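The chain contents come next:
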Amino acid sequence: MKKIINDPNQVVQDMIKGMAAAFPECIKHLPETTVIVRKEAPIHHKVGLVSGGGSGHEPAHAGYIGEGMLDAAVAGEVFTSPTPDQVLEAIKAVDGGAGVFLIIKNYTGDVLNFEMAAELAEAEGIQVEKVIVNDDVAVEDSSFTSGRRGIAGTVFVHKITGAKAEKGASLEEVKQVAEKVVANVRSMGMALTSGTVPAAGKPGFQLAENEMEIGIGIHGEPGIERKDIGSADEIAEELINKVLADMNFSDGDEAAVMVNGLGATPEMELFILNAKVQELLAEKNINVYKTFVDEYMTSLEMAGCSVTLLKLDDELKELLDAPSKAVSFKI
Amino acid sequence: MKKIINDPNQVVQDMIKGMAAAFPECIKHLPETTVIVRKEAPIHHKVGLVSGGGSGHEPAHAGYIGEGMLDAAVAGEVFTSPTPDQVLEAIKAVDGGAGVFLIIKNYTGDVLNFEMAAELAEAEGIQVEKVIVNDDVAVEDSSFTSGRRGIAGTVFVHKITGAKAEKGASLEEVKQVAEKVVANVRSMGMALTSGTVPAAGKPGFQLAENEMEIGIGIHGEPGIERKDIGSADEIAEELINKVLADMNFSDGDEAAVMVNGLGATPEMELFILNAKVQELLAEKNINVYKTFVDEYMTSLEMAGCSVTLLKLDDELKELLDAPSKAVSFKI
Amino acid sequence: MELTVNKGLAWLKTINEKIQEKKDYLTDLDQAIGDGDHGINMARGFQEVEKKVEANDYADVSDLLKDAAMTLMSKVGGASGPLFGTAFLKLSMSLKEKDPVDYPSFSTAVGAAAEGIKQRGKAGQGEKTMVDVWVPMAEYLQNAQEFKPDELETKAKSAMEATKEISAKRGRAAYLGDRSIGHLDPGSVSSYYIFAALAETLQERK
Amino acid sequence: MELTVNKGLAWLKTINEKIQEKKDYLTDLDQAIGDGDHGINMARGFQEVEKKVEANDYADVSDLLKDAAMTLMSKVGGASGPLFGTAFLKLSMSLKEKDPVDYPSFSTAVGAAAEGIKQRGKAGQGEKTMVDVWVPMAEYLQNAQEFKPDELETKAKSAMEATKEISAKRGRAAYLGDRSIGHLDPGSVSSYYIFAALAETLQERK
Ligand SMILES: Nc1ncnc2c1ncn2[C@@H]1O[C@H](COP(=O)(O)OP(=O)(O)O)[C@@H](O)[C@H]1O
Ligand SMILES: Nc1ncnc2c1ncn2[C@@H]1O[C@H](COP(=O)(O)OP(=O)(O)O)[C@@H](O)[C@H]1O
Ligand SMILES: [Mg+2]
Ligand SMILES: [Mg+2]
Ligand SMILES: [Mg+2]
Ligand SMILES: [Mg+2]
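Chains as they are written, first to last, in full-length UniProt numbering: chain A, 1 to 331; chain B, 1 to 331; chain C, 1 to 206; chain D, 1 to 206.
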């Protein structure tokens with residue numbers, strides 16, 4: 001394991017210190033917690049937005065805190081959902097009287113911990129609503145399993161609910177638009193190499209020099225298929241086809257596209273992939289309204305990428321374009 | 001070599017296609033060139049800013065094109081300076097009558113190719129000025145050698161000259177502020193692993209599992225010393241001390257800090273390093289005015305980082321804070 | 001069987017011992033079909049449990065287990081944190097005002113814990129989760145008339161081992177579907193350590 | 001010696017052959033003390049040169065070499081592009097209206113090329129760059145009275161080999177300082193191929 005760290009068991013605490021020190025104009029660290037909140041929190045009469053999850057996905061989630069986006073991010077240990085007490089601290093810190101909205105990725109751990117926190121917060125008289133993001137089409141969506149995972153599409157949920165809340169929407173309205181995004185966002189990823197959880201000290205899985213994993217999760221959960229590395233064009237085609245198979249586009253419909261790097265993949269490769277993604281969408285008469293190419297939801301130093309499509313209507317376009325001062329999603 | 005590419009000899013062309021397709025609201029590709037220019041270029045009466053260099057440093061340089069920053073970026077092959085004819089195309093495309101300013105990193109290849117382009121442009125009647133960025137303190141600065149390299153500090157040159165030009169400054173004024181930045185910016189980097197040039201197909205160098213290279217260049221040029229990996233705190237101390245040894249700070253002076261990832265290093269680690277960087281600067285009574293933690297000047301998928309300090313005065317602060325719509329440096 | 005505060009303390013310490021010793025093994029199991037943090041999570045959690053309960057005096061076993069539950073809840077995270085937290089909280093609630101704890105109360109309490117896990121995790125038996133250890137153990141304890149440490153250990157072990165042959169339907173391993181067959185469920189293995197520690201503790205002190 | 005357009009064409013083709021064959025070797029040399037692109041740069045450049053000159057008819061050697069120069073300038077990039085571009089441009093300029101090219105004109109032209117590289121790169125002899133091949137070769141050609149292919153090849157080779165023992169002061173290898181000792185300078189090695197190709201071409205056709 002080659003990492004720029006101090007104690008492998010202290011990486012989350014050390015990271016939080018470094019984040020808070022980097023961006024004091026935007027965020028602050030709640031002392032004795034693993035919670036980062038917007039500098040102005042709580043904001044009177046604004047719905048407070050809380051997201052979070054295991055660490056190792058940076059800039060998710062603290063990078064999305066700021067005017068027009070999140071109010072708080074709760075950081076768990078690496079790849080481990082944060083605990084209910086920490087989520088509760090975040091909820092309390094951002095409650096400005098209009099209620100608090102939780103953005104949860106669909107993992108058993110996240111759902112359990114956030115829901116327990118919601119129960120505790122409600123017991124303290126805070127109104128809490130939530131959305132569960134499950135954009136990953138790599139996973140069969142079945143009521144007999146835990147369902148689809150939440151991956152990079154979550155960032156669009158942050159952006160759009162953030163814009164909605166910033167405009168003064170009610171908790172119910174925020175929930176409605178969040179559900180609209182979840183209903184219209186789909187993603188799929190692939191990996192060339194694995195990341196290493198610092199405290200584990202060794203890679204989460206092994207891929208041979210010629211192998212890739214299609215449909216990987218952002219914690220290195222295995223995907224649909226392990227096979228020989230294809231060209232960027234083939235990868236783009238495979239990801240886009242799987243994503244589109246689960247969406248309902250008509251000719252001329254508009255979409256936002258996110259090509260997300262998982263950690264170690266250079267931006268150059270993301271752009272090479274994007275060239276083909278755009279070509280394929282054009283062929284299918286899907287109008288790309290806006291494209292995002294960067295690292296938005298990573299998996300430590302995994303090499304790989306994901307592609308996300310968000311089908312847009314006028315409301316979503318307006319909210320996507322609304323200003324955001326979040327460090328990692330400035331609009 | 002595990003990469004998301006098509007033909008290793010076409011990566012630059014494919015990347016440019018993907019960039020132009022991603023951000024049509026901001027940039028456009030000059031057909032038949034490896035030049036990307038600002039959508040509105042040329043801008044009448046504004047000094048045109050051109051930067052560039054070998055590819056593989058993304059988001060440098062095209063990510064810094066946009067209102068308040070660059071007008072054009074010339075992409076060479078991976079790690080290879082672009083040729084004079086391409087630089088000339090960029091100069092011609094952004095000349096709005098107020099002259100063109102070249103931001104060149106101090107590598108023999110960049111200097112030669114950009115200077116030849118400047119001569120050609122002048123022969124065509126375009127006024128051209130330039131600055132040569134040499135912020136890397138890892139290299140001895142001696143008149144007997146090619147001198148220091150230009151690395152991440154170049155991004156501050158882009159930002160500040162960009163703001164100056166956007167305000168309507170003359171070519172001479174732009175040059176003056178560029179030289180001020182160059183005089184006040186210092187960087188140093190380190191690596192844990194090497195990147196792989198696609199057409200070469202194998203890593204540029206090898207570091208053992210327990211080794212790091214201190215003072216590495218952004219093309220994998222060897223650094224000052226190869227030694228056992230230290231903790232993040234030790235690395236921060238080593239980089240900061242070397243950078244500060246070459247700067248003149250008095251108590252209470254202000255600085256901008258950039259903690260830059262070289263490609264494969266997760267943001268988490270950059271923040272861990274930043275925690276110590278900020279602590280060390282506080283100890284030395286240097287006031288941090290603003291901090292940037294992200295990938296700004298990469299070296300393919302190299303694992304490692306660099307730290308840059310820019311000593312600020314009122315003019316530089318104002319220009320640093322000025323708006324920028326460049327995709328990878330939004331202010 | 002008689003579970004006193006002291007024996008309860010010893011139980012928690014023995015669990016911690018086993019978990020620390022098997023930390024890497026549990027993480028390896030989770031790397032194979034999950035995200036590779038289960039050993040780290042459990043080791044962090046039970047270390048904190050031991051620290052917590054050693055620093056306090058407890059009037060009864062219920063109080064002791066409540067602190068253990070709250071610590072697991074706030075220190076483990078992931079899926080297993082709330083689930084083991086719930087299990088110990090249910091044990092604690094069920095054992096309220098029962099000190100020292102006798103066999104029937106204890107077996108009832110394990111039943112409550114198993115039920116708690118099932119409800120929290122919305123998981124049934126046979127879905128390759130810790131439920132596959134807790135539910136059979138609750139049934140076994142209910143059926144057995146007295147505390148037989150060796151048998152208890154053997155039962156827990158075979159319940160744990162049985163998770164190897166089935167396909168995951170809940171938790172992270174569910175993404176693998178049938179590809180999870182052939183791997184033990186990490187949470188079931190740590191659940192086994194909890195029961196094995198119980199057997200060991202109560203045997204020694206008999 | 002008589003360098004005609006046809007022989008000039010053959011020379012450029014032979015350079016390209018050698019460079020393509022040694023592409024990986026040149027890149028390896030550059031990985032050791034530079035940035036690992038020299039073979040790639042040269043292979044791209046001379047491939048384009050061959051393509052360009054094959055598609056055209058040339059009135060004289062000067063015209064041919066001018067096209068080669070412009071192609072190198074616009075296809076190689078890096079440090080070596082402008083430098084080799086300059087070298088061939090100086091050859092071309094010096095050989096203007098000299099067709100066929102005789103030995104004295106050619107040796108003068110190589111002198112001009114060496115001088116051009118020195119000025120462009122602001123490098124002197126002994127700084128571990130291609131200058132360390134071009135300058136000694138210019139001197140050798142000036143001193144020798146006639147074209148001796150074998151001797152020319154040997155001289156170029158030993159000039160190239162001599163770069164191994166010295167410390168770099170210019171170009172990317174200069175960052176390494178004395179750590180560059182023990183490694184050949186990649187640009188000197190490709191310069192050697194240029195002279196070796198010349199020797200080969202003119203020998204075969206004698
Ligand atoms: N829905 C569920 N019900 C019961 N147990 C579950 C459920 N989901 C996961 N588990 C248990 O949790 C274990 C994984 O714990 P851990 O690795 O610590 O958390 P995470 O899966 O969040 O990384 C699994 O091995 C399984 O036994
Ligand atoms: N200032 C200089 N003068 C003469 N030759 C130089 C100079 N700098 C570099 N070179 C030559 O260029 C070669 C490197 O070329 P190449 O690898 O293609 O370019 P880059 O160094 O830009 O990657 C060196 O081996 C050396 O021979
Ligand atoms: Mg986990
Ligand atoms: Mg180069
Ligand atoms: Mg796990
Ligand atoms: Mg080179």
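Hints should not be assumed to be uniformly reliable.
Said to hold, decoys possible - Heads up, incomplete: computed chain A residues facing chain B, CB under 10 angstroms, no partners named:
| no. | residue |
| --- | --- |
| 1 | I4 |
| 2 | N6 |
| 3 | D7 |
| 4 | G96 |
| 5 | A123 |
| 6 | G125 |
| 7 | Q127 |
| 8 | F205 |
| 9 | I224 |
| 10 | T265 |
| 11 | L273 |
| 12 | K290 |
| 13 | A303 |
| 14 | C305 |
| 15 | A322 |
Read the hints as simulated data drawn from the structure, not as lab findings.
Keep in mind the model is a prediction, meaning the values are calculated, not measured.
Note that the Cβ used here is the ideal one computed from N, Cα and C, for glycine as well.
Verification of the hints:
Satisfaction of the interface hint for A/I4 is found here, the shortest Cβ-Cβ separation to chain B being roughly 4 angstroms, below the 10 angstroms cut-off. At its closest, the beta carbon of A/N6 sits 5 angstroms from a beta carbon of chain B; the interface hint therefore holds under the 10 angstroms criterion. For A/D7, the interface hint holds, the least distance from its beta-carbon to any beta-carbon of chain B being 8 angstroms, beneath 10 angstroms. Violation of the interface hint for A/G96 is found here, the shortest Cβ-Cβ separation to chain B being roughly 27 angstroms, above the 10 angstroms cut-off.
Interface restraint check: A/A123 against chain B, minimum CB-CB distance 34 angstroms, threshold 10 angstroms, status violated. Hint on A/G125 is violated. Least Cβ distance to chain B is approximately 35 angstroms, over the 10 angstroms limit. Restraint check, A/Q127 versus chain B: the minimum CB separation of about 33 angstroms is more than 10 angstroms; hint violated. For the restraint placing A/F205 at the interface with chain B, the shortest Cβ-Cβ distance is roughly 14 angstroms, beyond the 10 angstroms limit, so the hint is violated.
Because the smallest distance between the Cβ of A/I224 and any Cβ of chain B comes to about 17 angstroms, over 10 angstroms, the interface hint for this residue is violated. A hinted interface residue such as A/T265 counts as satisfied when its beta carbon comes closer than 10 angstroms to some beta carbon of chain B; here the least separation is about 6 angstroms, so the hint holds. With a least beta-carbon distance of about 6 angstroms to chain B, the hint placing A/L273 at the interface is held under the 10 angstroms criterion. Annotation: interface hint on A/K290 holds; nearest CB of chain B at approximately 8 angstroms, less than 10 angstroms.
Taking 10 angstroms as the C-beta contact cut-off toward chain B, the hint placing A/A303 at the interface holds, the least distance being around 6 angstroms. Because the closest C-beta pair between A/C305 and chain B is about 6 angstroms apart, less than 10 angstroms, the hint holds. Hint status for A/A322 relative to chain B: violated, with the closest Cβ pair at about 14 angstroms, above 10 angstroms.
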